[in-house]
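Build the full structure now, drawing on both the sequences and the hints.
Number 124 in our numbering belongs to position 124 of the sequence shown; there are no gaps in the numbering.
Calculated from the structure, these hints are not laboratory results. Note that CB positions come from ideal geometry on N, CA and C, so glycine has one too. Not one of these hints is a red herring.
Below 16 angstroms or equal to it, Euclidean Cα-Cα: the simulated EDC-like pairs (lysine to aspartate or glutamate) are:
1) K58 / D12
2) K58 / D73
3) K146 / E26
4) K51 / D73
5) K177 / E215
6) K146 / E18
7) K177 / D216
8) K146 / E24
9) K146 / E175
Restraint-style ranges between C-beta atoms, simulated for each label pair:
10) V207 / G64: 35 to 43 angstroms
11) L110 / V135: 16 to 24 angstroms
12) G183 / M1: 25 to 33 angstroms
13) P160 / G244: 23 to 31 angstroms
14) R107 / E242: 22 to 30 angstroms
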Amino acid sequence: MRALITNDDGIDSLGLQELARCIEAEGFDVTVVAPSYDASGTGASLGHISKDRPINFKEVAVPGLSGRAFALDGPPALCAIAGHLEAFGPRPDIVISGPNLGLNTGRSVLHSGTVGAALAAQNFGMKGLAISLAVSDPWHFDTACKYTLQVIHQVVEGPPRCVLNLNVPALPFAETKGLRWGGLAEFGSVRSQIISQDNNALSFDLVETEYQPSEDSDLGLVNAGFAALTALHNTSEVWHQEIGAGDSFDPTIVLPSASKNNPLSPAASYSS
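Below you can see the structure in the form of structure tokens.
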């Protein structure tokens, strides 16, 4: 099986390199394609693409890895799509993104470059696994790798376009409580805050969120010492019983919205 490893923290991340070695040792044919810079917070952005603006890359060495590794001047979702287009070898069976240096929980997954790479893979018919690790000193990369190995084969052997988001607590593996499914928390573990606005410039900072997430949410589970797993879907359509594909627009009908009252469904173009 072929795995493309990427992240949003950049090709020099020690966590990325440890994960790549771990996946290769599991028997996968590994290729690393990761941003040449810190691409945190880029979501599923591809950056500016134009035939007049080539995107540079260079081959790099990852210590202890037999597979090839490339640093690409683009965000992680572009790394995933470059893999889909076979820029760096045969199309991967799975895109594995991470481990992110910090959690990607709750609705903040929308902004995560780590998660964005996995969702870009889904959008192009591949499977994806995003891994994020709670902040600690030292980092517990080994814990993230061990939980990754618990789920990777199920993802590869699972249904088409399967994407899982794995969040791992900042603990040695032996001190964690196991792996559980978790819903998306109301918020992520951090939020953005404007700390100054002057001279036509905004300065932002990230601060910890101050609320109690539900116990069965991804953030609540990680806070309790579990690794949390959430299945994600990227491109959804929103409908309700009075509106269907092909219907004429009627301004008297209430619009669908992303709420529990209106069903979400995969894009009709996702035939498989």
